[in-house]
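S.K.: Here's the letter readout for the chains.
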Amino acid sequence: MFKFVLKRIASAVGVVLALTVVLFILQKASNTNPVHAILGPNASAAAVKAETIKLGLNRPLLAQLFSYIGNLLQFNLGTSYRTRRPVSTDLAQYLPATVELALVALLIAVGLGLILGYISIKNGIPAKIFRGVLLVGASTPSYLISFAGLVLLYSHFHVLPATGEAGATQPFQGGFVIFDNLVNGNISGVWDGIVHVTLPALSIALVPAISIGRVFRSSLEATLRSDFVRTARSKGLSDQAVFLRHAIRNSIGPGLTMTGLQLGLMFAGVAVVEDIFAWPGIGYYTTESIPVSDFPAIAGVTLVLGVGYVFINALVDIAQSLADPRVKL
Amino acid sequence: MQFSTKQSSVVTRDDWNSVTERATTSSSVAKVEDYHVTFTRSGSPVHALRGVNLEVGESEIVALVGESGSGKSVLGLSMLGLLEKTSNTSVTGKVFLQDRDIALASAAEIRRLRREYLGAIFQDPMTSLNPTMRIGKQLGEVTGSKSESVELLQSVGIPEPERRMSAFPFELSGGLRQRVMIAMALAGRPKLIVADEPTTALDVTVQAQILDLIKMSRERFGTSFVLITHDLGVAAMVADRVVVMYGGEVVESGTTKDVLNSAKHPYTRALLASRVTLSGDRHRRIATMSGEAVDSRISVPGCAFEPRCPAAMEICNSTKPHLCQVEDLHDVSCLRYGSQVDDLRLSNGIDSTQMQIRSFTDGGELREGAAVQEIDSSASDAVGKREIMITANDVMVTFKVGSGGSRAMLRALRGASLQVGTGEAVAVVGESGSGKSTLLRAIAGLNTPSSGQIELRAGSKVQMVFQDSGASLTPWMTVEQLLDERLVATGVRDKHERQERILAASDSVGLYRQMLSAKAYQLSGGQRQRAALARSVVVPPEILLCDEPTSALDVSLAAVVLNLISNLRKSLGMTLIFVTHDLAVARVVADRIAVMYLGQFVEVGSTDQVLSDPTHPYTKALLSAVPDSGSTPILLNGDPASPLSVPSGCSFHPRCPSVVGSCSSTEQYLTISPASRGHLVACGVALGGQ
Chain P
1 MFKFVLKRIA SAVGVVLALT VVLFILQKAS NTNPVHAILG PNASAAAVKA
51 ETIKLGLNRP LLAQLFSYIG NLLQFNLGTS YRTRRPVSTD LAQYLPATVE
101 LALVALLIAV GLGLILGYIS IKNGIPAKIF RGVLLVGAST PSYLISFAGL
151 VLLYSHFHVL PATGEAGATQ PFQGGFVIFD NLVNGNISGV WDGIVHVTLP
201 ALSIALVPAI SIGRVFRSSL EATLRSDFVR TARSKGLSDQ AVFLRHAIRN
251 SIGPGLTMTG LQLGLMFAGV AVVEDIFAWP GIGYYTTESI PVSDFPAIAG
301 VTLVLGVGYV FINALVDIAQ SLADPRVKL
Chain H
1 MQFSTKQSSV VTRDDWNSVT ERATTSSSVA KVEDYHVTFT RSGSPVHALR
51 GVNLEVGESE IVALVGESGS GKSVLGLSML GLLEKTSNTS VTGKVFLQDR
101 DIALASAAEI RRLRREYLGA IFQDPMTSLN PTMRIGKQLG EVTGSKSESV
151 ELLQSVGIPE PERRMSAFPF ELSGGLRQRV MIAMALAGRP KLIVADEPTT
201 ALDVTVQAQI LDLIKMSRER FGTSFVLITH DLGVAAMVAD RVVVMYGGEV
251 VESGTTKDVL NSAKHPYTRA LLASRVTLSG DRHRRIATMS GEAVDSRISV
301 PGCAFEPRCP AAMEICNSTK PHLCQVEDLH DVSCLRYGSQ VDDLRLSNGI
351 DSTQMQIRSF TDGGELREGA AVQEIDSSAS DAVGKREIMI TANDVMVTFK
401 VGSGGSRAML RALRGASLQV GTGEAVAVVG ESGSGKSTLL RAIAGLNTPS
451 SGQIELRAGS KVQMVFQDSG ASLTPWMTVE QLLDERLVAT GVRDKHERQE
501 RILAASDSVG LYRQMLSAKA YQLSGGQRQR AALARSVVVP PEILLCDEPT
551 SALDVSLAAV VLNLISNLRK SLGMTLIFVT HDLAVARVVA DRIAVMYLGQ
601 FVEVGSTDQV LSDPTHPYTK ALLSAVPDSG STPILLNGDP ASPLSVPSGC
651 SFHPRCPSVV GSCSSTEQYL TISPASRGHL VACGVALGGQ
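The listed protein sequences derive, respectively, from chains P and H. Note that my numbering has the first sequence beginning at 1, numbered continuously upward. Note that my numbering has the second sequence beginning at 1, numbered continuously upward.
Since the hints were derived computationally from the structure, they do not count as laboratory data. Nothing here was measured: the structure is a model prediction, and the numbers come from that model. For every residue, glycine included, the Cβ atom is placed at its ideal position computed from N, Cα and C. One should not assume that every hint holds.
To be verified - With a straight-line Cα cutoff of 16 Å, these simulated EDC-like cross-link-like pairs (lysine to aspartate or glutamate) come out:
{"id": "1", "chain 1": "H", "residue 1": "K137", "chain 2": "H", "residue 2": "E109"}
{"id": "2", "chain 1": "H", "residue 1": "K94", "chain 2": "H", "residue 2": "E55"}
{"id": "3", "chain 1": "H", "residue 1": "K85", "chain 2": "P", "residue 2": "D239"}
{"id": "4", "chain 1": "H", "residue 1": "K620", "chain 2": "H", "residue 2": "D608"}
{"id": "5", "chain 1": "P", "residue 1": "K328", "chain 2": "H", "residue 2": "E171"}
{"id": "6", "chain 1": "H", "residue 1": "K137", "chain 2": "H", "residue 2": "E148"}
Stated by the list, open to error - Computed list of chain H residues with no C-beta within reach of chain P, every gap over 12 Å:
{"id": "7", "residue": "Y117"}
{"id": "8", "residue": "S128"}
{"id": "9", "residue": "H283"}
{"id": "10", "residue": "A312"}
{"id": "11", "residue": "R441"}
{"id": "12", "residue": "D507"}
{"id": "13", "residue": "L516"}
{"id": "14", "residue": "P654"}
{"id": "15", "residue": "T666"}
{"id": "16", "residue": "P674"}
Use the sequences and the hints to build the structure in full.
M.R.: Following this line, the structure appears as structure tokens:
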């Protein structure tokens with residue numbers, strides 16, 4: 001276990017370094033100048049030059065890269081060009097909302113995936129419909145689902161709100177709404193948070209849920225055909241006991257692997273979906289930063305997501321080893 | 001249903017005989033009547049069972065014997081009520097359990113029968129136990145109490161049963177896993193246990209233990225067994241009665257003695273003749289059946305065996321035989337026997353009792369028409385006279401397995417030395433984990449020894465033939481492309497020459513030329529093994545390495561492939577190393593036998609020396625465990641030890657029946673037996689030196 005943790009920390013460091021290098025190359029390739037964005041189109045040439053020197057953008061790219069990594073080693077993500085605040089301060093403000101959204105989306109994706117997988121192995125009309133949903137759903141992008149959800153549940157039926165993390169009665173935007181209210185015992189606040197998170201979380205979760213469902217379904221089918229399920233039947237166990245005690249635990253592995261793989265897709269979905277629903281998270285922060293080429297902000301967000309990806313995949317591996325004793329960490 | 005091992009009285013052999021006699025007259029435990037099962041596969045019907053009648057008496061062991069496609073497993077599943085009832089399956093006839101027709105029973109009723117009346121043991125204990133559930137919990141599902149589970153584990157001979165309760169199946173050896181399966185089947189003291197190939201996945205010494213356990217369970221608890229097996233030898237070791245199946249029908253049924261000693265049906269005789277055994281002339285070709293196994297998609301008006309039957313008469317392809325009693329308790333379904341034959345004898349003048357089926361070899365199996373050559377008697381002489389082809393000198397191969405805290409060294413070969421002469425055939429015999437396949441791969445250059453040397457005569461080419469021939473053929477290539485690829489790789493440029501050599505190779509292995517344009521999945525098991533062989537010899541190698549090429553094949557097919565390998569070796573003058581777990585197979589292919597245990601040779605000698613004068617205790621046990629060997633198996637303690645934790649001294653000492661004090665500390669090396677030249681044994685005790 002200790003070795004496993006050590007390995008994952010090492011891989012997180014590797015991911016951060018690789019991402020930093022890629023970001024620097026992309027920044028160079030995009031050929032945008034943040035100074036113009038910061039000072040506005042009417043800034044004088046002298047002012048531009050002064051600002052460029054101040055930001056260190058006149059130095060060679062490699063020197064910039066090394067000083068960035070040097071700062072990174074001291075957990076210093078730099079200062080945002082746009083907000084003029086340390087990126088870490090910005091992230092502290094925007095990250096919790098995203099974590100909340102992502103966690104809820106992850107729960108929905110796994111839960112819905114398992115349910116979809118289970119229902120689709122059944123015989124009969126409902127199962128056929130679900131199989132159809134799985135096929136169609138797998139090829140639908142998340143923004144389409146967002147818009148469909150908005151049109152249906154907000155505009156048409158008025159059951160869910162369209163924007164924000166909480167209603168106007170809430171004193172704050174950003175942060176953990178559901179979690180904080182839960183800690184404070186504010187039940188109506190929790191409910192408000194849940195109502196607000198449902199639509200964006202569903203938008204992010206639906207596509208991964210369908211992928212997870214498809215994988216879970218095929219491993220469930222294979223398990224139900226396996227020799228040990230035949231043994232369980234030969235013991236005289238009921239179908240339900242065979243399913244619950246013998247089939248599920250042995251089928252869950254591929255679903256978990258798929259969950260890990262889908263995370264990247266879900267992070268990508270967060271940026272788009274937060275924009276659509278005006279969710280005050282890092283996706284929103286990023287879409288604000290991109291037009292002004294706010295490199296420290298973009299880099300900070302990317303690195304945080306990279307580390308998050310490594311972290312959650314480590315959790316997936318731990319879950320695998322809990323489900324199957326043959327898997328050693 | 002509570003039971004305890006202390007209460008159950010031990011039934012003596014004499015009591016036992018009276019029980020079996022009663023069984024034939026008293027009420028039956030299970031009864032199958034005119035049972036048909038037809039599956040629909042991609043539109044066409046597959047006749048899995050065509051009118052089977054079977055009765056299992058109280059505490060009787062009935063062996064269902066047949067090759068793949070005979071319907072024996074479908075019958076077994078039906079008796080457990082486990083045959084999936086889908087729209088693609090049509091079932092007629094009756095299966096009675098506890099005098100009740102299970103076709104009429106509710107699902108809940110069948111589950112109750114399975115819980116209280118039935119037990120099941122399946123072939124592969126690795127896949128038949130839930131891999132993520134502890135043994136104790138899996139047993140608990142059928143026993144109800146923990147103490148009962150522990151008692152059961154104890155009664156099937158599992159050491160430290162308390163500790164094993166919390167083990168997962170993958171933490172147990174194959175033999176222990178199968179014992180757990182048997183414990184589960186015995187829970188609740190069922191009246192009938194269906195065991196489907198319970199020992200096929202196990203080593204021979206473990207097979208002997210498990211068969212012994214099945215016999216013991218019957219004597220202790222009075223349980224009846226239906227033992228499904230492809231091996232008449234296994235049936236002979238435990239069964240009271242043998243039922244032979246072919247093409248979904250019972251073709252012969254009788255007491256084990258009658259069926260084995262005076263088989264009547266031509267199929268049973270052919271099956272017996274094509275068995276590779278330890279008796280008979282080993283230099284002769286093994287008798288083989290002509291043709292392919294019955295295609296159960298075709299509904300035949302006459303006898304299903306007629307196309308392959310050497311004793312077929314004109315009327316056989318139009319008249320269906322049925323089971324008739326030919327002797328007391330001995331039924332045969334053949335038009336040449338019973339009341340059916342009486343009429344025939346009158347009309348045809350054939351005396352069935354005089355009929356003898358001498359040979360099954362003239363079915364035109366090998367079209368190259370090469371006469372069977374007797375193995376040159378000098379072949380079995382010492383290596384010294386020959387030019388050396390392969391020298392393995394103190395070869396060690398060690399693998400690192402596992403990761404993190406569970407990292408371990410797997411010592412597959414621990415100093416194996418062997419010399420093989422040019423044109424010689426050596427069989428390397430051992431159980432799983434003995435390192436025999438590792439040695440073969442090391443000779444082929446697929447494993448690098450961590451120390452020691454392997455030298456091949458300069459310029460000699462090596463080819464390998466694997467166990468699963470289907471998987472070793474690239475699925476999207478035709479046989480011709482596979483052969484051509486090999487020729488191109490060796491630099492044969494001329495297209496005509498390649499074509500010629502492809503045809504010659506396919507002829508030499510008896511592969512029909514039409515099959516050259518087929519892909520692996522379009523071929524039957526036998527054709528695939530021929531194609532794999534053709535690929536190995538299309539560029540004739542000096543050395544042919546075979547890794548259990550027959551262990552996954554049906555008995556009749558294994559005989560064909562063994563003949564083929566022997567013929568090819570002689571006609572192409574190849575040096576052969578043949579890895580097998582089966583001494584009977586080794587006997588027919590090899591000039592010399594080298595017995596391996598845990599990565600070292602324990603006995604090496606000419607085939608006659610090793611088999612007629614086995615000297616190492618392990619060789620003796622291995623030989624006695626071959627089913628149908630006539631001798632009582634020497635039951636070894638426990639399972640083959642793991643190459644992950646090799647015992648000290650002589651690595652065989654923890655299982656050795658003739659162990660002495662010094663064995664655990666003194667390593668043993670191959671030493672020339674004083675009794676005969678060229679016979680090497682690694683046991684000081686057996687050689688009388690200690």
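S.K.: With reference to the structure, classify each hint as holding or not holding.
M.R.: Checked hints:
{"no.": "1", "hint": "K137(H) x E109(H)", "verdict": "violated, 24 Å"}
{"no.": "2", "hint": "K94(H) x E55(H)", "verdict": "holds, 12 Å"}
{"no.": "3", "hint": "K85(H) x D239(P)", "verdict": "holds, 14 Å"}
{"no.": "4", "hint": "K620(H) x D608(H)", "verdict": "holds, 14 Å"}
{"no.": "5", "hint": "K328(P) x E171(H)", "verdict": "holds, 13 Å"}
{"no.": "6", "hint": "K137(H) x E148(H)", "verdict": "holds, 12 Å"}
{"no.": "7", "hint": "Y117", "verdict": "violated, 9 Å"}
{"no.": "8", "hint": "S128", "verdict": "violated, 4 Å"}
{"no.": "9", "hint": "H283", "verdict": "holds, 41 Å"}
{"no.": "10", "hint": "A312", "verdict": "holds, 39 Å"}
{"no.": "11", "hint": "R441", "verdict": "holds, 25 Å"}
{"no.": "12", "hint": "D507", "verdict": "holds, 41 Å"}
{"no.": "13", "hint": "L516", "verdict": "holds, 35 Å"}
{"no.": "14", "hint": "P654", "verdict": "holds, 27 Å"}
{"no.": "15", "hint": "T666", "verdict": "holds, 37 Å"}
{"no.": "16", "hint": "P674", "verdict": "holds, 50 Å"}
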